[in-house]
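Engineer: Each chain, written out:
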Amino acid sequence: MQKIFKGATIFLDRSDINTDEIIPAKYLTEVTKEALKPYMLEDLKLAGFDPQGEELANARVVVSRQNFGCGSSREHAPWVFEVNGVHTIIAESYARIFRQNMFNGGMLAIELPATDIDKIFALAKLGSVEIDVDLDKQTIAATVADKTTNFNFAISEFDKALVKAGGWVEFADARY
Amino acid sequence: MGKTIAEKIFASHLRDEPFEGTKVLAIDRVLCHEITTPVAIADLEWRGKDRVFDNTKIKAVIDHVTPSKDSKTALQAKMIRDWARRHELKDFFDVGHNGVCHALFPEKGFIHPGFTVIMGDSHTCTHGAFGAFAAGVGTTDLEVGILKGVCAFRQPATIRVNLNGRLADGVYAKDVILFVIGQLGVNGATDRVIEFAGSVVEQMSMEARMTLCNMAIEAGGTCGICMPDRVTVDYLWPFIQEQYATKDEALADFSQWQSDADATYAQVLDFDISTLEPQVTFDYKPDCVKSVGEMAGTAVDQVYIGTCTNGRIEDLRVAASILKGRKISANVRGIVSPATPKIFSAALEEGIIQIFMEAGFCVTNPTCGACLGMSNGVLSAGEVCASTSNRNFNGRMGKGGMVHLMSPATAAATAITGVITDARSL
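As given, the protein sequences belong to chains U and W, one line each in that order. With the working numbering applied, the first sequence corresponds to residues 1 to 176, in that order. With the working numbering applied, the second sequence corresponds to residues 1 to 426, in that order.
Any given hint could be a false lead.
[To be verified] Taking beta-carbon pairs under 10 Å as the criterion, some of the chain W residues facing chain U (in silico):
| # | residue |
| --- | --- |
| 1 | I35 |
| 2 | V39 |
| 3 | A40 |
| 4 | D43 |
| 5 | Q76 |
| 6 | H123 |
| 7 | F153 |
| 8 | G373 |
| 9 | M374 |
| 10 | G395 |
[As the list claims (entries may be wrong)] Pair ranges (Cβ atoms, derived):
| # | chain 1 | residue 1 | chain 2 | residue 2 | range |
| --- | --- | --- | --- | --- | --- |
| 11 | U | K160 | W | K72 | 35 to 43 Å |
| 12 | W | S205 | U | L46 | 38 to 46 Å |
| 13 | W | A261 | U | L46 | 46 to 54 Å |
| 14 | U | P38 | W | Q354 | 39 to 47 Å |
| 15 | W | D54 | U | K45 | 42 to 50 Å |
| 16 | U | F121 | W | K399 | 25 to 33 Å |
FYI, nobody ran anything at the bench for these hints, they're computed from the structure. By construction, the Cβ of each residue, glycine as well, lies at the ideal position given by its N, Cα and C atoms.
Could you build the full structure based on these sequences and the hints that come with them?
Structural biologist: Following this line, the structure appears as structure tokens:
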């Protein structure tokens, strides 16, 4: 599946959002990614957040705070985003395994400094935010009410190579 | 310049460095269970690459939901079972022989000092207790591990945690690790190895060291690690006695996996453990930790003793010593899951199972069970569980439930009174 790194953005304003909140363990009995689709962020504890709401259903980009994806190693967490069309996450920091799982699947887990994350969250107060990531230029364009703000991000050569290869299986199979 | 044990293991296993800072390591043990492996198997089949790099280095178990509870879990079990047979895995553990992976695999002697270990399970960090680099990974890393025997890491820096003094009576490894996580925070060791050292660790059994390393991930750590010593040699001796003439010879060999005195650390933390009180979590993050005294009196509906953190024989002995001759509260459902058949068998022989049953506990087969609400022991909304497991996330043991993490001693005392209780007060 072609990954798309742009679109409507949902803001999850909390640190330490864990894998059990992203996809509860009771759904880990599924053996296909598609079967996970209805359960994205079902147990997320966050004021005003509705896991069945339209904002989440339309989202293609998630913005959050620190230590996103902490807890379990379950790749079901990136997969539930993947099958719902969310291929880009932007946060201040990630749990190691979740972050690696995103890149291993050819998706983006972008880290931005706290000051930039604050600025993106501030944009959300102005209206719906559209985000467009340019991986080659390492820029994020955040557009709200026809006004665009740009951010630069850092990414390792390895992570970039994984996204371009389509994931770690493709990269490793070609090389080892 | 000296090296940490993790740096030594990285250097000795380096297969490739495709980009600066990316280390692709040769893996000694690829461990598999039925929750995260089937999707990897299906993907390998779909790619026409249904192969394994080495059927003696890949070990598999069915442990999360076993015996299977419904058609879906039966399919997961069948997928890993058929795969293990198809590739003639030397070690595959099915119903009757299976147990919680992070208790079973060490018990079989599969993990040695200096090994690299991956598994599609975040608590793989447990195996660092043996002086191994052991990291939880996702299904894609697992898949490449199965196919190629390699895994990529950023070289992690190490946090050295010196646990000084000695454990007071009634205080256990679980209390120590909950305290350390409370100090570090759930994000405090992200992309770091946590190296546990000091007199407290030196005096610990392998079981206690596994409890310590098991929860490194709850502080974000890539791996918890203890330096191999005579305790490690004694534990592994039945499995290595043909490799070494004497235990001293084994110890000398294992000693290459010691951090150098002049190794560089990202952080060095010193804690005097002598005055530590039993610890209990509150709220929904494992770094929300208080002393048992501050949590005393909190009512619980269920007590769960078991899991990869605290389902080993030592844990059951401690709980049984408190439960002996007592009955658990009428308001509490007690559940104990010995982590492996060997532990279950030892507990039977030692009369521990009888003590649990006379106290009013339900004894289950070895399985991950209630810990993540996948099979038995699920909480209803509004219910509270005192648990020896490792995660208290919202919904972890069932939607709307609350989990308080604690040692087996505190859990046993809590079962008797029905409220969180300091076992030393009974």
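Engineer: Where does the structure disagree with the numbered hints, that is, which hint numbers, in rising order?
Structural biologist: none
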